[in-house]
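All chains, please: the whole structure from these sequences, using the hints.
Protein chains in written order, with the working numbering: chain A, 1 to 269; chain B, 1 to 269.
Please keep in mind that the hints were generated in silico from the structure rather than gathered at the bench.
Incorrect hints may have been included.
Note that identical chains are pooled: a pair holds if it fits in a single copy or bridges any two copies.
As a list, the in silico DSBU-like pairs of lysine-lysine whose alpha-carbon atoms are at most 30 Å apart [stated by the list, open to error]:
1. K44 / K158
2. K263 / K158
3. K263 / K174
4. K180 / K193
5. K113 / K180
6. K263 / K106
2 protein chains.
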Amino acid sequence: MAWLYGSAEAAALSEQAYNGMVRYVRDVLDHARDRRGRLPSQRKAGTLPRWPASAVLAPGATAAMADTLPCGNLPPAVVLDMDETAVLNLGYEYDDAQTARGFDQKRWERWEKAGATKVAAVPGAVAAFRALRAMGVTMVINTNRSAANADQTAQALKNAGLGDFRHGETLFLKGDVDGKSGKDGRRVAIAQKYCVLALAGDQLGDFADLFNPPGPAPAIGRRMLTAVGPIEARWGNGWFVLPNPVYGTGLGTGWDETFPADKRWTDAP
Amino acid sequence: MAWLYGSAEAAALSEQAYNGMVRYVRDVLDHARDRRGRLPSQRKAGTLPRWPASAVLAPGATAAMADTLPCGNLPPAVVLDMDETAVLNLGYEYDDAQTARGFDQKRWERWEKAGATKVAAVPGAVAAFRALRAMGVTMVINTNRSAANADQTAQALKNAGLGDFRHGETLFLKGDVDGKSGKDGRRVAIAQKYCVLALAGDQLGDFADLFNPPGPAPAIGRRMLTAVGPIEARWGNGWFVLPNPVYGTGLGTGWDETFPADKRWTDAP
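So this is what it looks like as structure tokens:
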């Protein structure tokens, strides 16, 4: 927590991710404009230059065959996770650190209802949301916060300085679309209305459900999956990761997955 | 450690930083080529187009007046920190986690001498070093490892798959150039021989000593410093941060700097 919420290093890393996102989207828009400066979404379908493919994987895609959805002439959007991606949950984590209790779903639900004034934007997010909207890009949040707390969640985003979000339009919550906590269904639904130029998140499930296959988590496989060619090329190029060593799937590895057997050293003073 | 060394999320974040570096340097090189494809370093001084300014701040620069050194027609280079930037110290951290002792300089020195086979490259580093060298860029390491262990340090980099480094040419160690642990003196010396297009590190001292003023660490000020205009613009644009919540200056904040007073929440079940 000291590192993520307090350090200059984590702030710089977050700024880097958001700067990368703005630069990437600006480049994509510039390449997609015709001679009169119009984007594909401002022209007839099929005229050149086209959008690149969406950042959303097509149903059935794998890490090695990572096909993405077509964009047609849909308007541009960026889809982001909320917690520790767009906002820092300072209030909840303060309470967590003070009480040193483990994660408690009931406490988190109380936080969703009561915490809208105790969050802060992730460093770089306010400027990036503003810059992207000024380019005509719709910002969409895809989070596993509860649909029952949609209003308080929209208020938290607004209080953090990230603007207005509407449930079912620019704010997608757990269970929306297909009743699942995996986000692929929501991503595909969003990609039917928008050309999703970029995805952002602190957990790999914010990019594709293929990182979280059913059954026991294959931790080494999951880390190696990030380096498979078509996936490796996406980090910083349409897929933007934010740091979060405080909670989540990334904290689940044990000794064997964290320290490979051939890299262990024992000091002999 | 589980997050940094074991998680897919931290691997993706590192790949993102290295992908960003390669993309950035490629763009700079492309913009600096003349019609015959020659870089400024392959032409007479003063011919167009020129290099952009170096990524190294000029002596006396501040966050608000962040002037950088000129590049003339020097050959291109990228300057990186070593530990948790180019290599992961898996062996040392395994021993640290097993013994749960605090940092011990003598143990670290034994590690520098003995650990060359127990490091791994940071995810993305091997491919990025290769891609950048293929573009004609010299890779330079600027680390605070000891000059007494120069050979073992070069061997660790080689074992990690990052290629050959020579002390005083492409490998700069603690105390080199000006006898200091601050890296500005070494950066300026490197910038007299190379046009430093990018810097990389896990600690802000890897970019400029101005982040580490003498006296007690002003933690809030340091985090805010990353958002000052000329500095903010550099993250991901010439300055590339790698994640490290395991050790370093970024772990030094206390309650007050980590959780602002107006963002504290107390659960009331």
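Here is what the structure says about each hint:
1. K44 / K158: neither (35 Å within a copy, 54 Å between copies)
2. K263 / K158: For K263 and K158, the Cα distance is within 30 Å only across copies (15 Å; inside one copy 47 Å).
3. K263 / K174: Classified as between: cross-chain Cα gap 25 Å, same-chain 40 Å, threshold 30 Å.
4. K180 / K193: within (20 Å within a copy, 57 Å between copies)
5. K113 / K180: within (21 Å within a copy, 52 Å between copies)
6. K263 / K106: Between copies only: 20 Å across chains, 41 Å inside a chain, cut-off 30 Å.
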